[in-house]
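Taken in sequence, the protein lines are chains C and A. In terms of my numbering, the first sequence is residues 35 to 422. In terms of my numbering, the second sequence is residues 12 to 148.
I should point out that these hints are in silico values taken from the structure, not numbers from a laboratory. All C-beta atoms in this analysis are idealised placements derived from N, C-alpha and C, irrespective of residue type, glycine included. Nothing false has been slipped in among the hints.
Straight-line distance between alpha carbons at most 35 angstroms, and here's what the computed DSBU-like set of lysine-lysine pairs gives:
no., chain 1, residue 1, chain 2, residue 2
1, C, Lys54, C, Lys169
2, C, Lys54, C, Lys79
3, A, Lys38, A, Lys76
4, A, Lys18, A, Lys76
5, C, Lys338, A, Lys76
6, C, Lys169, C, Lys338
7, A, Lys38, A, Lys18
8, A, Lys76, C, Lys169
9, C, Lys169, A, Lys38
10, A, Lys18, C, Lys169
11, C, Lys54, A, Lys18
12, A, Lys76, C, Lys337
Counterexamples of contact, computed for chain C against chain A with all Cβ distances above 10 angstroms:
no., residue
13, Gly40
14, Tyr97
15, Leu106
16, Arg210
17, Ala346
18, Arg388
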Amino acid sequence: MTSLRGQVAIVGAADTRVGKVPEFSATQLCVDAALRALADAGIGKDQVDGLITCNSMAEPHMYHAEMIAEYLQIFPRFCMTAAAGGGTAFAVLQHAASAIVTGVCETVVISMADSLRTGLTREQAMVIQSSAGHKQFETPFGPTVPAFYALIAQAHMAAYGTTPEQLAAVAVACRRHAGRNPTAQMRDPISIDDVLESRLIADPLHLLDCSLVSDGGSAIVLTRADRATDFPHDPVYLLGVGEGHGHEHISQARSLTTSAAVDAGRRAYQMAGVGPGDIDVAGIYDCFTPVVLVELEDLGFCKKGEAGAFVADGGLDLGGPLPTNTHGGLLSHCHPGNPGSMYHLTECIAQLRRQAGDRQVADAEVALVHAQGGVMSSHCTLILGRET
Amino acid sequence: MSGHEDKLLPTPSPETTPFWAGCREHKLLVQRCSACGHHQFYPRILCTECASDRVDWVEATGRGKVKSFTIVRRPVTAAYADETPYVIALIELDEGPTLMSNVVQCDVDTVRIGMPVAVSFEAWSDDITMPLFRPVV
Chain C
35 MTSLRGQVAI VGAADTRVGK VPEFSATQLC VDAALRALAD AGIGKDQVDG
85 LITCNSMAEP HMYHAEMIAE YLQIFPRFCM TAAAGGGTAF AVLQHAASAI
135 VTGVCETVVI SMADSLRTGL TREQAMVIQS SAGHKQFETP FGPTVPAFYA
185 LIAQAHMAAY GTTPEQLAAV AVACRRHAGR NPTAQMRDPI SIDDVLESRL
235 IADPLHLLDC SLVSDGGSAI VLTRADRATD FPHDPVYLLG VGEGHGHEHI
285 SQARSLTTSA AVDAGRRAYQ MAGVGPGDID VAGIYDCFTP VVLVELEDLG
335 FCKKGEAGAF VADGGLDLGG PLPTNTHGGL LSHCHPGNPG SMYHLTECIA
385 QLRRQAGDRQ VADAEVALVH AQGGVMSSHC TLILGRET
Chain A
12 MSGHEDKLLP TPSPETTPFW AGCREHKLLV QRCSACGHHQ FYPRILCTEC
62 ASDRVDWVEA TGRGKVKSFT IVRRPVTAAY ADETPYVIAL IELDEGPTLM
112 SNVVQCDVDT VRIGMPVAVS FEAWSDDITM PLFRPVV
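Excised from the complex, chain C in its bound form (with noise of 0.2 angstroms):
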């Protein structure tokens, strides 16, 4: 069976101005972001035969891909939208790598966007997103999307006896990171306690245990190994790349306080040929700060139970035991919706080329970004490294 491990390479990755865009619609965001990544790359439209994209909830499209191929004016061999919540962006990778591998298209771009912040109302915004819930019997009794996931924070403070304090950790951390990088949202730093006197959304989560309402986009453009080296930048091989789906609806999981990121991460592992102890740099999907926890030990950062402790006594931080989410996260970058997960990857494709600035993780090899969809539903885990 052929792997994927260092069949395939990122050559091209660039975000659009995150935040409130209200200059840009959710599609002039995910057009600009692919046309930034292309110009990464140093190529043009007419060189990319394959195109992936995710919906917009602000402005939304029947079939979005072929839209945005259409507003540009190319003609892949290879088009799809995909979906599955904050787990899209990588879990299409796995796709546009096989898609590479096996002859169907030569050069992919991934662009995804959305507007929530400027294109939806607060009241639009909450009332889509709820909609994870199942219709009959979720929705009805009135969760929010942060309710769903305080689900999850309040089944692992019962099992392992993790502290309001250690869940703000995650959140005073990614704070901490944005303080470094210009394009975050919200830079300003924050203590524990700031996070404890916010306010309380849906127990035990506080507003700024909560990731971020945002307008962005952000594209990648994927292409053959053996051609990686014909571009202007360090080339970022996949390395490793595994999914791992558990339920659609909350009520419905095997589990609140292991999820399918174990799956996810061994398979991704086992492609690649690491283990926890060789990621250098890491990106965690952070929509909640609880989410934060229960990946950091489903991946084998740290044992079951023990998260909160790491990320307290600075787990996440440069020159700590594995730095993660270096450019603020979901928590303190921006949140577009479905796209928000790109963000972790392209900030570790800038660490992974040493061009991170002043939050550059030192000779970063090996680089492991995480994505989640639904409420803990579909996972994606990529490892991603400077040499195949």
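Assemble the complex: chain C is given as a structure, and chain A must be docked to it using the hints.
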């Protein structure tokens, strides 16, 4: 039942109509597999344990415990504002299946994981009666 009409009410489908009909009669129905005895919720055309298609509706005891919960301080829509803060909980029924509901008829700050609860029906419209849960004292 005033005040519930604008909530995000369920629309029964062919597969779930018996469940909602049961709620109207204050009966909490789940499926039981007559091949292996497994109970499941939500309803399906197969038993998720043994894949048998012999799944039948049975009345559950309506008793269970809180598997996890949260107190929602900011309602999902204005239609839920009157009872905010409200409890969203996952209830593990004595028969095994887990379902989402509200824990009602108590101070929200007294809800705990592991707390024993029992179903308590509440009509939210002419067609829809919701299975809510209250603490068992």
